[in-house]
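Novice: Based on the sequences and whatever the hints tell you, model everything.
These protein sequence lines map, in sequence, to chains L and F. When you read off a place in the first sequence, starting at 1, and then add 14, the result is the number in this note's numbering. When you read off a place in the second sequence, starting at 1, and then add 191, the result is the number in this note's numbering.
Because the hints were derived from the structure by calculation, they are not lab data. Some hints could be false.
If you want the footprint, here are the derived chain F segments under chain L, 3+ residues with CB under 8 Å [as the list claims (entries may be wrong)]:
(1) 211-218
(2) 223-229
Partial list, derived from the structure: chain L residues whose beta carbon lies under 7 Å from chain F [said to hold, decoys possible]:
(3) Gly138
(4) Ala143
(5) Ile144
(6) Lys157
(7) Ile158
(8) Asn234
(9) Asp244
(10) Lys253
(11) Ala254
(12) Ala255
(13) Asn256
Label-pair restraints from in silico Cβ distances [what the hints assert, rightly or not]:
(14) F:Ala219 - L:Glu113: 31 to 41 Å
(15) L:Ile144 - F:Ala219: 44 to 54 Å
(16) L:Glu53 - F:Ala219: 14 to 24 Å
(17) F:Ala223 - L:Glu228: 24 to 34 Å
(18) F:Ala223 - L:Lys324: 22 to 32 Å
(19) F:Ser210 - L:Glu299: 23 to 33 Å
These figures come from a predicted structure and were not determined experimentally. All C-beta atoms in this analysis are idealised placements derived from N, C-alpha and C, irrespective of residue type, glycine included.
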Amino acid sequence: MGSFQVKIVGDYCNLRCTYCRNRDFDQNTKTIMTLETLERFFVFLNSLPQEKIRVSWHGGEPLLAGKDFFNQIIRLEKKYSKKEWLNSVQTNATLIDHEWAEFFSTNKFSVGVSVDGSERTHNGARLNAIKQGTYSKVIQGVKILRCHNIYPGIICTVTKKTFKYADEMLHGLLDAGFKGIAFNAFYNTASEGKRDVYGLTDEEWLCFLKKIFETWLTLNNPEIKIRELDGALAWVKSKAANYCMYKGTCYQWFVIDYEGKIYPCERLGKAVTFGSINSLKTFDELINQSVFVEWKKSIERMPQKCQDCKLKMLCHNGCVSHRQANNEGAPLYSYCESRLKFYDYINDRINGRR
Amino acid sequence: MKNGSLQGNTNENQSSISSNAALQGAFARIEAGSDFSSINNQSSNWSDSLWSNSYSDDYYVDN
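Specialist: Spelled out as structure tokens, the structure:
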């Protein structure tokens, strides 16, 4: 199944989250993909042999593209109807109204919302343009979605400023009615990385994960599904979550920006580009370019530490955007030690050794 | 690699954890769900893996 993230408004966003990695780019100028580029995108994807194609409509804040734009998406999906289009949208939910919710419900979009834990932790980072916290606006949007039987999953970003409030963040999300939760360790890829005050260290991420695991055990509710715990518990069963951060498959994900330029995963910024859907005619042409082949080779190169690691096949050196150059022969996953130690921790807990 | 197991351990602490409903629910998801695969089924072949059932950042909890 092919999957594409489409930044239909580029980096244009109505929020100014303190840690946003897009702060290096222009978040103020209203940029929207033209209908010509949108149709070119569908023509490009139509060249794929796969029947099912997943498209994640992204930004910036994708809802800033407007309802007419999303209606055009549906029109084009009907035009190229030999494919099964699986749509998702990742939104900050501040612009959701009943019309949006009805649209997503009618057209079977899955909706992901960004909420950073409790009202307090969320409002410390996820601010609007006049630096006000957005929690109440986000929850209002989520409630509207639920009125239309859409129960969004949550991506919660964890930073150096919030990791110590693990319990508060989890309880905040649960109290707001969320049961499908993904936690993202914030690792700064913006330009001022050396002065970064948000990026989590290995130890901080491990501390957060352990607290979340223990709280989740105590809550003892099988309906609470936490991506990071499921991923680690899968290792105990010698299984790997089909999540790109565990599978070393980030070359399966492509970002298309509003102008049609093609990039790897949005976490990697814009340093590497694979051309444009305006000049590449087919997907085969994209993946056979030397720039793509070389990039793929570079991310598959494993550091020495990985070669003998017990989690090698369950980890694949983690997320490419979280790797750092060192003397191991290839960049090493920055959260390597926390991944190993968290595996040992839950394995010991399950086997009564802790 | 060493694998944890919920079986064959009489430790009281382990017993209380192994009966944890959240943990059992997670293991049931892992055993049954298409979001997880056996390491033996992971192909190193580029063309096989290109469109494998992998998901990126925002897919797991959306469905």
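Novice: State for each hint whether it applies.
Specialist: Hint check results:
1. For the stretch 211-218 of chain F, the proposed coverage by chain L is satisfied: 8 residues have a C-beta within less than 8 Å of a C-beta in that chain, meeting the threshold of three.
2. Counting residues of the stretch 223-229 of chain F whose beta carbon lies closer than 8 Å to any beta carbon of chain L gives 5, which reaches the threshold of three, so the coverage claim holds.
3. Because the closest C-beta pair between Gly138 (chain L) and chain F is about 22 Å apart, greater than 7 Å, the hint is violated.
4. Residue-level restraint check for Ala143 (chain L) is violated (minimum Cβ-Cβ distance to chain F is 24 Å; threshold 7 Å).
5. Nearest Cβ of chain F to the Cβ of Ile144 (chain L): about 27 Å, over the 7 Å cut. The hint is violated.
6. This hint is violated: Lys157 (chain L) has a C-beta 18 Å from the nearest C-beta of chain F, more than the 7 Å allowed.
7. Residue-level restraint check for Ile158 (chain L) is violated (minimum Cβ-Cβ distance to chain F is 17 Å; threshold 7 Å).
8. Look at Asn234 (chain L): its Cβ gets to within about 5 Å of chain F, closer than 7 Å, so that hint holds up.
9. The restraint placing Asp244 (chain L) at the interface with chain F holds, with a minimum CB-CB distance near 5 Å, inside the 7 Å limit.
10. About 5 Å separates the beta-carbon of Lys253 (chain L) from the nearest beta-carbon of chain F, less than 7 Å, and the hint is met.
11. Given hint, Ala254 (chain L) at the interface with chain F, holds; its Cβ is 6 Å from that chain's nearest Cβ, closer than 7 Å.
12. For Ala255 (chain L), the suggested interface contact is upheld, since its CB lies about 6 Å from the closest CB of chain F, less than 7 Å.
13. For the restraint placing Asn256 (chain L) at the interface with chain F, the shortest Cβ-Cβ distance is roughly 5 Å, inside the 7 Å limit, so the hint holds.
14. A beta carbon spacing of about 38 Å between Ala219 (chain F) and Glu113 (chain L) agrees with the range 31 to 41 Å that was offered as a hint.
15. Against the hinted window of 44 to 54 Å, the Cβ-Cβ separation of Ile144 (chain L) and Ala219 (chain F) comes to about 47 Å, which satisfies the hint.
16. Here the CB-CB span from Glu53 (chain L) to Ala219 (chain F) is close to 44 Å, at odds with the stated 14 to 24 Å.
17. For Ala223 (chain F) and Glu228 (chain L), the Cβ-Cβ distance of about 25 Å falls inside the hinted range of 24 to 34 Å, so the restraint holds.
18. Under the hint 22 to 32 Å, the C-beta atoms of Ala223 (chain F) and Lys324 (chain L), about 25 Å apart, fit the expected range.
19. Roughly 55 Å separates the CB atoms of Ser210 (chain F) and Glu299 (chain L), a value that falls outside the hinted 23 to 33 Å.
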